[in-house]
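In the order they appear, the protein sequences are chains A and B. Heads up, our numbering is the position in the first sequence plus 21, with the first residue counted as 1. Heads up, our numbering is the position in the second sequence plus 21, with the first residue counted as 1.
Hints in this document: simulated from the structure, not taken from any laboratory. Some clues are possibly wrong.
Which copy is meant is left open, so a pair is good if it fits within one copy or across any two.
[As the list claims (entries may be wrong)] Straight-line alpha carbon distances no greater than 20 Å define the calculated SDA-like cross-link-like pairs of lysine to any residue that follow: (1) K224 - H157; (2) K224 - G135; (3) K37 - G67; (4) K37 - D156; (5) K37 - T51.
There are 2 protein chains.
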Amino acid sequence: MAELSERSGIPVATVKFYLREGLLHPGVRTSQTQSSYDDTHVRRLGMIRALMDVGGLSVSRTSEVIAAMADQDRPLGEVLHAAQLSVSRFAATAGPLDRERALARVDELAARRGWTVHEGNPGRLAAADVLATLDHVGVHSYDVLITACATAAEIVAEADLEEVAATVGGRESVVETVVVGTVLGDVLLMAMRRMVQEHISRKQYPHTP
Amino acid sequence: MAELSERSGIPVATVKFYLREGLLHPGVRTSQTQSSYDDTHVRRLGMIRALMDVGGLSVSRTSEVIAAMADQDRPLGEVLHAAQLSVSRFAATAGPLDRERALARVDELAARRGWTVHEGNPGRLAAADVLATLDHVGVHSYDVLITACATAAEIVAEADLEEVAATVGGRESVVETVVVGTVLGDVLLMAMRRMVQEHISRKQYPHTP
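Assemble the whole structure, with the sequences as input and the hints as a guide.
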């Protein structure tokens, strides 16, 4: 355990917490007080920290993702879908009336783009909430931004699937690529957007510190 | 107050809370127990809900954004910068060693793309954390995803600045466009990414429910 903590850079107490929560699989017991851990444990710990610390996922959300990854009996398509759902829980905010109209707008936009998604796609519902909220706030339409987000989403999702296809290793590796790529990719995308925003602002607005 | 609550769809108790926290500017007192509120209050309430409910910002973060918006004395470039900072606080996670190396990678990528940003850009630091974390997790490189995120970020940030340029109204409207566009745009981008992921997965992986 001390060695595992050292190799992963995670304090012993935290490793114990992850074991108790079922996020980390148990080691092989070698004596009354000792267990042996291997590379799969180090790797899993890296994954847990990535999802929780950088991705901002909760313990329970992380635990769902790990469970989906470890499920060997379901078809890969189903497992990927379950993993995607776990990393895509958005807050529901729009009222039923607003949402109805906003969903119609999202479906129309998806149809124009040629996207086929099922009714319960978490992104579909979240996108509708955003559109309903944008309608409420001020008088500005944000149409240019909405179109840009759609184009950007296509570019990133294409890359997501390319990353999956290029993943070497078993299904656990594939699910890992989906989960890590989605959660950390979200943060990277937001981060880079801030960089380019500053770059362009500097040219257009003097006094940017 | 009852009328304001009705027009905005926000409970009286919540409106009072926003007044107490300074998120909402006070109305004009018309008697010992009554104040009058106008369209600026309805609009501000919409903005508060957008940032907190859909954007997931905390009360204190929202309050910073509102303060930046209301500041009439600073040059617009500075105000936009302050607003951008408030909606761009990412968790710092990488250790100093990892971060040093990852920052060099981010700066190199920015130079290649022609992005000029100052050292403290919140996106620069967050991007470095993501790269450091991706390095730690598994063996997969995610280079394709990183490049796609950069391209997508350029497309969205261009649209961000176009929206700003197209905003009608005073500086409060301009800051509103930046803040709402950035916070809700982040969510929209993630949401649409999930839609396109599903669309492409369906074709490539059977058994996607």
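| Which numbered hints fail | 1, 4
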